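Chains as they are written, first to last, in numbering that gives the first Met the number 0: chain A, 0 to 291; chain B, 0 to 238; chain C, 0 to 324.
Source of the hints: derived by calculation from the structure; they are not laboratory data. Hints may contain errors.
[Stated by the list, open to error] Calculated lysine-lysine pairs in the DSSO-like style (CA-CA distance at most 30 angstroms, straight line):
| no. | chain 1 | residue 1 | chain 2 | residue 2 |
| --- | --- | --- | --- | --- |
| 1 | C | K87 | B | K77 |
| 2 | A | K284 | B | K156 |
| 3 | B | K65 | A | K284 |
| 4 | A | K284 | B | K60 |
| 5 | B | K7 | B | K70 |
| 6 | A | K284 | B | K230 |
| 7 | C | K180 | B | K111 |
| 8 | B | K111 | A | K284 |
| 9 | B | K70 | B | K111 |
| 10 | B | K55 | B | K77 |
| 11 | B | K55 | B | K230 |
| 12 | A | K173 | A | K84 |
| 13 | B | K7 | B | K65 |
| 14 | B | K70 | C | K87 |
| 15 | B | K156 | C | K180 |
| 16 | B | K111 | B | K7 |
| 17 | B | K55 | B | K70 |
The structure displayed is predicted, hence computed values, not measured ones.
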Amino acid sequence: MPQGIITFLDLAIGGLLLGGIYALLAMGLSLQYGVARVFNVSHGEFIMLGAFGTFTLYTVFGINPLVCLAIVGPLTFIIGFLLHKTMFTRLRLLAPNADVYAANSMLATFGLMFIIQNIALLAWGANYRAYNYLNFGVDLWGAIFTANRLVILGFAIAIGVAFYIFLARSRIGKAIRASAQDPTTAGLMGVNINLLLAICFGLGAVMAGLAGTLMSMRIPLTPTMGLNYTIIAIIVIVLGGLGSIPGSFIGGFILGIIGTIVTYLEPSLSLAAYYFIFMLLLLIKPTGIFGK
Amino acid sequence: MLVLEGEKVTKYFGGLAAVSNVDFHIDQGEIFGLIGPNGAGKTTLFNLVSAALVLKSGTIKFKGEKISGLKPYQICRKGVARTFQSVKIFGNLPVRENVLLGTLFGRPTTAKAANAAQETTELLDFVGLSQMSAMAARELTLVNQKRLEVATALATKPELLLLDELMAGLTPTEIAEAMELVTRIRDRGITVFMIEHVMKAIMGVCDRIMVLHHGEKIAEGAPQEIATSKKVIEVYLGE
Amino acid sequence: MDITRFTSKKFLIPAIISLVILIAMVTLPVYGSLYMVILITAILMFVILTVSWTLFSGPTGYMSLASAAFFGIGVYASAILLPTTGGKLPLLVVVVIGGLVSSILAFGVGALTLRLRGIYFAVFTFGLVELIKQVLLWWENSVTGTRGRYVMLVENDVIFYTMLAIFMLLMLTFFFLRRSKYGLAMQSIGENEEAAAHRGINVTMVKVITFAISAFFMGATGAIIATRWTYIDPYIAFYILYSFLPVMMAIFGGIGQIYGPVIGAAIFAYLEEVLLTKFPYYYMLIFGVVLVAAILYMPNGIVGLVPRLVRRLRKGGSAKQHAST
Chain A
0 MPQGIITFLD
10 LAIGGLLLGG
20 IYALLAMGLS
30 LQYGVARVFN
40 VSHGEFIMLG
50 AFGTFTLYTV
60 FGINPLVCLA
70 IVGPLTFIIG
80 FLLHKTMFTR
90 LRLLAPNADV
100 YAANSMLATF
110 GLMFIIQNIA
120 LLAWGANYRA
130 YNYLNFGVDL
140 WGAIFTANRL
150 VILGFAIAIG
160 VAFYIFLARS
170 RIGKAIRASA
180 QDPTTAGLMG
190 VNINLLLAIC
200 FGLGAVMAGL
210 AGTLMSMRIP
220 LTPTMGLNYT
230 IIAIIVIVLG
240 GLGSIPGSFI
250 GGFILGIIGT
260 IVTYLEPSLS
270 LAAYYFIFML
280 LLLIKPTGIF
290 GK
Chain B
0 MLVLEGEKVT
10 KYFGGLAAVS
20 NVDFHIDQGE
30 IFGLIGPNGA
40 GKTTLFNLVS
50 AALVLKSGTI
60 KFKGEKISGL
70 KPYQICRKGV
80 ARTFQSVKIF
90 GNLPVRENVL
100 LGTLFGRPTT
110 AKAANAAQET
120 TELLDFVGLS
130 QMSAMAAREL
140 TLVNQKRLEV
150 ATALATKPEL
160 LLLDELMAGL
170 TPTEIAEAME
180 LVTRIRDRGI
190 TVFMIEHVMK
200 AIMGVCDRIM
210 VLHHGEKIAE
220 GAPQEIATSK
230 KVIEVYLGE
Chain C
0 MDITRFTSKK
10 FLIPAIISLV
20 ILIAMVTLPV
30 YGSLYMVILI
40 TAILMFVILT
50 VSWTLFSGPT
60 GYMSLASAAF
70 FGIGVYASAI
80 LLPTTGGKLP
90 LLVVVVIGGL
100 VSSILAFGVG
110 ALTLRLRGIY
120 FAVFTFGLVE
130 LIKQVLLWWE
140 NSVTGTRGRY
150 VMLVENDVIF
160 YTMLAIFMLL
170 MLTFFFLRRS
180 KYGLAMQSIG
190 ENEEAAAHRG
200 INVTMVKVIT
210 FAISAFFMGA
220 TGAIIATRWT
230 YIDPYIAFYI
240 LYSFLPVMMA
250 IFGGIGQIYG
260 PVIGAAIFAY
270 LEEVLLTKFP
280 YYYMLIFGVV
290 LVAAILYMPN
300 GIVGLVPRLV
310 RRLRKGGSAK
320 QHAST
């Protein structure tokens with residue numbers, strides 16, 4: 000197979016992979032911001048926790064990273080759910096209006112970011128950690144691709160699609176969408192809003208945790224890795240349109256592909272490239288792809 | 000002289016035409032009324048004139064000069080002021096400062112501090128709010144908040160004043176006072192363009208009236224003509 | 000503006016207190032220990048960041064999360080323009096340059112985002128510090144080949160006085176801006192932006208310029224504190240904490256009055272100092288917990304805790320109308 004095509008396939012898979020991860024991240028954040036109305040600055044820290052959790056589970060206990068998905072998922076859900084039930088519900092009920100709640104909840108998530116990062120620093124140290132899993136090559140049509148890339152890509156898309164179906168079909172999903180549109184009416188129709196918002200926040204955390212688990216197979220980890228991903232998730236949800244889950248999904252892939260190409264050309268300028276797109280977006284259509 | 004002209008003014012919200020090919024003109028010194036059922040596009044038309052919204056197509060001219068395309072603050076400085084259906088005042092600022100704001104920023108040339116203060120006092124007097132000049136604006140009653148909004152708009156020294164449902168929510172006495180206020184405003188040389196639902200008021204003060212329905216102009220003329228027009232009566236009595 | 004405003008009791012008491020504090024500050028290096036001078040310098044830094052943040056975000060209601068970016072630019076400007084060896088510019092020139100570069104960035108960011116809803120402004124400013132850090136890291140790696148820079152040594156007293164001068168200039172700017180017609184314009188923008196635009200206020204321009212002014216002070220402060228830190232790299236200069244601390248301190252101290260942010264900043268800065276000395280290993284974690292506890296249990300800030308004291312210092316406006324954001 001000619002080198003050009005190999006490079007193209009390489010970039011394509013890399014782009015879809017990164018895109019899949021970004022899509023999961025963004026959908027999670029979109030749920031937290033769009034429904035639970037929390038601008039969660041600590042979103043990236045849950046990625047970091049998922050990643051480090053998997054790292055420890057694999058290197059210390061030998062648990063297969065893919066199996067870790069089933070552990071990290073529920074754990075991050077519980078953490079996110081409890082955080083919301085305790086902290087954010089309290090803030091929400093205390094706040095005199097929506098703006099005050101928005102500001103206070105954001106500040107609270109910042110405090111959270113600070114706390115989680117520092118706990119991680121104390122637990123794992125500041126150095127980069129990594130592990131190897133499924134690091135062997137797979138032969139596809141004459142070109143070699145690392146197995147874990149294909150696996151991550153598959154799982155990312157599967158999780159994304161499952162999440163989407165869950166939102167579209169399940170009872171909870173319907174309740175979530177109803178509350179996103181009109182929380183008061185949803186409450187009147189029997190939806191336990193406090194419970195639902197906590198569930199949303201928990202689900203958002205799960206997406207981050209699972210993304211972290213998947214990523215940990217391929218990239219080196221450090222406790223301060225989270226912020227970068229939070230910012231990327233934010234850019235994606237603005238690109239997709241604030242409050243639109245499908246928008247986050249598609250926006251994630253767009254940014255992932257662009258990021259992969261930029262990294263190929265000039266590593267470590269990917270955030271700059273994303274910000275460039277961010278600027279263009281704000282100039283031309285701030286409401287994003289699916290925004291109204 | 001024509002103070003305001005609109006030619007084929009059109010605005011869409013999604014697929015729906017909120018205002019569709021509306022032509023109108025207002026002469027200097029007129030009190031021009033705009034009526035129509037709810038959702039007819041009246042406030043949208045005001046929003047297009049004051050540039051709170053952008054036109055889809057058509058033009059709007061003020062004193063012969065095209066203003067569609069300018070920003071709201073620029074239109075204000077040219078001499079077009081407005082009030083809003085949901086009274087927009089600066090709630091936490093004292094009454095006096097609400098009006099002062101208009102004198103300081105609403106003109107093409109900045110007013111001197113002393114003059115600004117004097118004009119503010121005069122305007123508060125004109126609308127009858129002198130006693131309450133130190134109160135926070137949000138503590139005023141509805142009718143006084145409306146007065147404040149009018150005073151603030153007048154502070155920008157407009158030649159054309161757009162009043163959006165000034166009489167909404169007022170008692171009959173207050174409506175009569177409001178009608179009188181509108182006439183006094185006209186007597187100061189300001190052309191008035193007003194949206195109203197209170198028929199008695201609009202028939203009472205207006206020189207001409209335009210009727211909108213589903214975004215289109217369906218009638219225009221003197222109050223008598225409008226009051227007796229079959230089309231208008233049908234529209235108001237429902238489909 | 001009439002004279003009686005200046006002689007009324009509401010004005011005189013805080014004015015006298017300010018004067019006393021000012022004299023105490025200016026003479027500090029004379030009677031204070033080295034530790035005190037350094038501590039007060041650090042506290043002043045936080046106060047400047049907080050008050051600058053409040054200058055723009057307080058009246059307009061637009062939450063800026065770019066403070067760390069503007070501050071970092073100032074720090075980095077010093078790192079480039081005040082090396083330990085080689086050509087240096089005069090200190091004050093560098094401080095001003097640090098401020099100006101930040102202002103220019105703020106002007107650009109503001110022009111782009113302040114025409115839009117507040118959330119876009121908040122998220123765009125949020126990522127700035129990380130963006131600039133990564134770009135500078137790339138630049139250091141690929142273009143200059145350096146890894147961190149050393150800033151020339153400056154005497155502690157000089158650093159202190161420069162910081163004090165920036166602080167005083169800021170307070171004067173804050174005071175006069177708030178009293179001027181632009182201060183009124185900004186408040187009206189915060190109250191009802193659409194109405195403000197319809198009364199002839201060029202809303203975007205007022206926001207952008209005020210934003211740029213606030214950034215100037217953040218950059219200037221960064222430039223001078225860099226001489227205290229002496230070793231600067233992008234990680235040190237651009238730290239997201241500096242975006243959130245001013246917000247917390249301002250809210251904690253109360254945004255409605257001119258002294259609120261000063262008090263909030265002083266308390267938090269001193270707290271940080273105490274924690275840093277007592278628990279050097281865990282202080283960040285404890286600080287984070289304190290932050291969260293403060294938000295959860297004192298969402299109305301110090302105004303809820305010490306109402307009478309604050310009321311004496313307040314220039315006007317009730318606690319209710321300026322609670323939290």
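TODO: Please flag the earlier hints that this structure goes against, numbers listed from lowest up.
DONE: Those not satisfied are hints 1, 2, 6, 8, 14, 16.
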